[in-house]
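Engineer: For the sequence shown, the numbering used here gives the first residue as 509, with consecutive numbering after it.
Simulated from the structure, these hints should not be mistaken for lab results. Idealized CB from N, CA, C, for every residue including glycine.
Taking lysine-lysine pairs in the DSBU-like style, the calculated list, with each CA pair at most 35 Å apart, reads:
1. 899 - 915
2. 683 - 738
3. 725 - 855
4. 556 - 567
5. 908 - 1024
6. 540 - 994
7. 787 - 860
8. 979 - 580
9. 738 - 808
10. 856 - 808
11. 781 - 856
12. 725 - 683
13. 808 - 879
14. 1024 - 512
15. 1028 - 915
16. 1028 - 652
17. 738 - 725
18. 781 - 738
19. 1034 - 1017
20. 609 - 512
Simulated DEER-style distance windows between Cβ atoms:
21. 795 - 530: 36 to 46 Å
22. 750 - 987: 45 to 55 Å
23. 782 - 710: 37 to 47 Å
24. 753 - 1021: 28 to 38 Å
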Amino acid sequence: MDYKQLVATAVADATDGQVTASDIYEKIEVPKTSQNGDLAFPTFILAKQLHAAPQQIAKKLVEKIDTTNFSKVVVVGPYLNFFLDQQQVAQQVLGEVLVEKNHYGDNEDGHDQTVTIDMSSPNIAKPMSMGHLRSTVIGNSIAKLLSKNGYRPIKDNHLGDWGTQFGKLITAYLKWGNEDDVKRDPIHYLVQYYIRFHHEDEQDPTLDEEAREWFKKLEDGDPEAVQLWKWFREVSLQAFNQTYQKLGVSFDTYNGESFYNDALQGVVDTLRKDGLLEKSQGASVVDLSSDNLNPALILKSDGASLYITRDIATAIYRDQTYHPVMNLYVVGSEQTYYFKQLKAVLKKMGLKSAAGLHHIPFGLITVNGKKLSTRHGNIVLLNEVLAESIKLAQAQIAAKNPDLKNKEQVAEEVGVGAVIFGDLKNERIDPIDFNLQEQLKFEGETGPYVQYAHARAESVLKKAHQPLPTKITQLTMTDDAWTIIKMLQNFPATVRRANHEFEPSMIAKYALRLAKAFNKYYAHTKILTDDDQLNDRLALVQAVSLVLKEALRLLGVQAPDEM
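Please build the complete structure, drawing on both the sequences and the hints.
Structural biologist: Structural data, given as structure tokens:
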């Protein structure tokens, strides 16, 4: 039940329809202390409409408000403070959680409509670095949120398996490469060749021209260029899939840029036929001045295609194949202008799903203050970070719980979870500086802190040695218990809001608050005391466990039962 809606309706009814419940709903606040009620409405926002002073409005409204759903409603200055019936709310909320379990918070907002998510998208022949973490885990969490809100997400790993970088890589391999080295440790050596190309290129500009020629050969189907490209792609995919498996991320399609090569000419022909393609200094562009944007460069003067040409072909394919209501691109904030251009071109082409194109930007990730760049060799490999995180988690778990049976599995769930949570707890748009030691702490705003709270709740339930409850009768309502009840009641609204704003950090922050509230309750309450309240306390603990586990799942983080 949405108690904010109850307050909004009660206030609107008391105004005799002069103000709508929807207008009031958005203005309802949560008081900082429970002494001031559970929900509050500032009446000063009605002063103009009702032609009266806020305090007078509050006094008049409180006399007319139907208090059926509240224990009391009091006036404090210009505020109407609403106190909920704690037992009624507890029975309703805990009852819902215990019956619905992991489906608590599900809704059908999406009406089973399809949403495509362009995410992760690493470049072939380069390792997955920490730079790829954000798009991968943000996209994965958004997909889970979409599903919980009734949408049908399609996760598309739009691999960077085409582009001028392959001209550079082929040039570098043919000049300095060794087949046996690549077979022995493919990604390592391919990266070394790429880095060397850029070092040498600074002294020898002819390398760039040679690389352009090799990429043109690749586009034209030259057998040697195609064979090398296929080889680079194959060994890269094998490495990527190891990382994805560890992160617990899967995809519905791996259609890379090369998948759309045969569609590129059709894109150009359509743009030309529709009168959208213009010549500019030998290149072909789409004029976007009506959208206050620079022209979109479609073909270079040598006829070679650019990223946007492929992205147009990709958008058309997704539109015709999936008929999505939204197309999400989980890509760094530095590409914001580019996606404005892409959307503008697609709208001019009349693409049905163009209006639903949304760039989901995120801030830069640095590691210990350093920006990541393959070109200059500042690579922090994601696989190595995950391995180190698991290793550190193993040491912590061995010290905390040396008799734990499945230590290796738990260490992996904690280690990988710490990396994922360490990213997603930050607002998506904010830049983050990643520090592994900080993210692995069992105290503070970390994944292990939330996981440990869940494991603690499971431990309490296990020690109870009795069937788990499905409802409550009369829970002793301490401040700690009431705080938890209100937080549990707010989970569905948090799920809906996080999905609406494509913001996984809302779920991560919610999980941290709930874990903290439960730890406080655990410290102050003798949960397992054998009295007539035991069943009700266990119901509360079980509800916390279920919701923490579901919140972590929405982030792509595991919730071990023991730690």
